[in-house]
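Novice: Here is what each chain is made of, one letter per residue.
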Amino acid sequence: MTEASRHHATSNVSLAQRAWNIRRKALLMGEVQGQGYIGQALGVADVLAASYFHALEYRSEDPEWEGRDRFLLSIGHYAIALYSVLMEAGILPEDELETYGMDDSRMPMSGMASYTPGMEITGGSLGHGLGIAVGMAMGLKRKSNPAFVYNLMSDGELGEGSTWEAVMSGVQHKLDNLICLVDFNNQQADGPTRDALATGEEEKKWAAFGWHAQRVDGNDLDAVVAAFDAARTTDHPGPRVIIFDTRMCKGVDFLESREITHFVRVEADEWAKALAKLEEGKPQ
Amino acid sequence: MTLASMKRKYEPRRVHTGPNGERVATSAMIASLEAEGYDSVPAPFGNALVEAARKDDKIVGLSADLAKYTDLHVFANAMPDRFYQMGMAEQLLMSAAAGLAREGFNPFATTYAVFASRRAYDFIAMAIAEENLPVKICCALPGLTTGYGPSHQATEDLAIFRGLPNMTIVDPCDADDILGMVPQIAAHDGPVYSRLPRGKVPSVLTRHKPDYRFELGKAQVIRDGKDVLIISTGFMTMRALDAAVKLEADNIEAAVLHAPTIKPFDTETILAEAGKGGRLVVTAENHTVVGGLGEQVARTLLTNGVTPTFRMIGLPDEFLEAGALPTLHDMYGLTTDKVAAQIKSWL
Ligand SMILES: Cc1ncc(C[n+]2csc(CCOP(=O)(O)OP(=O)(O)O)c2C)c(N)n1
Ligand SMILES: [Mg+2]
Chain A
1 MTEASRHHAT SNVSLAQRAW NIRRKALLMG EVQGQGYIGQ ALGVADVLAA SYFHALEYRS
61 EDPEWEGRDR FLLSIGHYAI ALYSVLMEAG ILPEDELETY GMDDSRMPMS GMASYTPGME
121 ITGGSLGHGL GIAVGMAMGL KRKSNPAFVY NLMSDGELGE GSTWEAVMSG VQHKLDNLIC
181 LVDFNNQQAD GPTRDALATG EEEKKWAAFG WHAQRVDGND LDAVVAAFDA ARTTDHPGPR
241 VIIFDTRMCK GVDFLESREI THFVRVEADE WAKALAKLEE GKPQ
Chain B
1 MTLASMKRKY EPRRVHTGPN GERVATSAMI ASLEAEGYDS VPAPFGNALV EAARKDDKIV
61 GLSADLAKYT DLHVFANAMP DRFYQMGMAE QLLMSAAAGL AREGFNPFAT TYAVFASRRA
121 YDFIAMAIAE ENLPVKICCA LPGLTTGYGP SHQATEDLAI FRGLPNMTIV DPCDADDILG
181 MVPQIAAHDG PVYSRLPRGK VPSVLTRHKP DYRFELGKAQ VIRDGKDVLI ISTGFMTMRA
241 LDAAVKLEAD NIEAAVLHAP TIKPFDTETI LAEAGKGGRL VVTAENHTVV GGLGEQVART
301 LLTNGVTPTF RMIGLPDEFL EAGALPTLHD MYGLTTDKVA AQIKSWL
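Keeping their order, the protein sequence lines are chains A and B.
Each residue of the first sequence is one higher than the last, beginning at 1 in full-length UniProt numbering.
Each residue of the second sequence is one higher than the last, beginning at 1 in full-length UniProt numbering.
Misleading hints may appear alongside valid ones.
Claimed, not checked - Listed next, with one range per pair, are the computed distances between beta-carbon atoms:
| hint | chain 1 | residue 1 | chain 2 | residue 2 | range |
| --- | --- | --- | --- | --- | --- |
| 1 | B | 318 | A | 199 | 40 to 50 Å |
| 2 | B | 210 | A | 192 | 19 to 29 Å |
| 3 | B | 337 | A | 174 | 54 to 64 Å |
| 4 | A | 192 | B | 309 | 52 to 62 Å |
| 5 | A | 139 | B | 227 | 51 to 61 Å |
| 6 | B | 130 | A | 220 | 37 to 47 Å |
| 7 | A | 204 | B | 11 | 24 to 34 Å |
| 8 | B | 130 | A | 208 | 34 to 44 Å |
| 9 | A | 199 | B | 166 | 33 to 43 Å |
Since the hints were made in silico from the structure, they are not lab data.
Ideal Cβ placement from N, Cα and C applies to all residues, glycine included.
Start from the sequences, fold in the hints, and give me the full structure.
Specialist: Put into structure tokens, the structure is as follows:
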């Protein structure tokens, strides 16, 4: 069995259901710890569903399979979201969900390659992913390996100079096997991204550097899937970026509508309530 | 927990349960320092900076998307027109602080200790230190003060900055130190790197020594004792003081010499105290044993011909684990109990 691509084609589980499952697992992990970067996980769930159940090739039972598409989580604090999709994809066992964030867990609060199968790089210090992705894309080309490198990064990381060094390098080295995914949730640690360094028209900036650039609603699954398809199949002779405008806490209305901050506080009794709310929106 | 999780990433884990099936693992989210029995002061850095800025209109504040997490938001709220949000760009943070200093301002730049010492080092070295500019770099999460893993554990920041000429380096223990330090580093005409306990910060030193006042460049005896001399810095002075109280029960008298200024180092006081003879000398620091307080003291003693029995308490020369902070402090020997036990074993 089991290149995921084959799996994708034959699976009758819808992407909407996958995204819902990812959100649910993230909430369950948040409940274990009483906190976590749940706003980010809920916001990016649709992008992750499309990544792992539409775009990527991988083998669940062999996370280091040489032919896999590489998926780099540049944003270590989004680990709770990636653990959810890795469980959904069968790369991490679901029965470890309750160890999330515990001492001796394989799922620490911040994503680290040395702890977790399927976690390609160690995050936590932001602004690293795209540079490593450039190197991996160069390496794959040297090996004539046709796999893609995906790098999932945040809008906050657009502030780091290292990001833009990698942006230029990807073009210089004609890395048409590099796809960068930017989760634009308009949030960073101190407040809205728009009040920091990303002051607008990011897709035009990437395009001006020579990237194939798209910007879509990251919570509209059809748009997300179409953007992945375009990024993979374009004959653009260089790297590709998709900027996803996402909504933090998507799928749990009472969290969505509270004052959103970088670290959304959820009270002890609200996790069950959030899971119940999610249940109401379960895809048919 | 092994120190080589890497080799264990393909080993399944279970939820740890106690005898009655209850969950026993500690949550990795526990991130505050255990400081039992001490009062705490909210955001001492932010409040002290507002006060200093009322007296010195050249003071400005900058952060790289971590104002809220370094207590600089207190300053930003009180003096919004003197605060600059630089975005998450630590290299720019340091370059811009250098530029403001060149134009005659007195910038306080904040981020986490890892990002100043690792990401922004060259910019601090060349734009700030080499020019001897009065930029005050104040950084939260020093040493092992988060269980988030190596990306946020600044275990070697003191070593990095000790190697940098012109740098003044402070590792405050508590709120008393911070409140004393801020006006003194504001008045200092050169670059400063300070570690920064943030949020609710315990008040420790005046509890043990009511007339204690921070003095930049000075080490001070907080308590005396004839058997052991603990030379400590940062929150390890709190651990040393608590361990000294514990050791009384075993009739061990431990003196604690608090050395919050790592550079320039108070050689005179260290030599005077360590030179008294007859005491085991132990250093205690929230930092790797490579290149921090311990090695500074060793060098000071050896080059001056003072050679007591000498031991070091500090973090091992490795990337540390992620986990709950109390678990990690126990694992790496930074708890009061572990400090006391170590000292007993050496006597
Ligand atoms: C190099 C670096 N600087 C600062 C931080 C501290 N930090 C952690 S998350 C964060 C916000 C970054 O923006 P983004 O990833 O967009 O945040 P979110 O959308 O999750 O709120 C910051 C500043 C970091 N982890 N790495
Ligand atoms: Mg963001």
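Novice: May I ask which of the numbered hints given earlier this structure violates, with the numbers listed in increasing order?
Specialist: As far as the earlier hints go, 2, 6 and 7 are violated by this structure, in ascending order.
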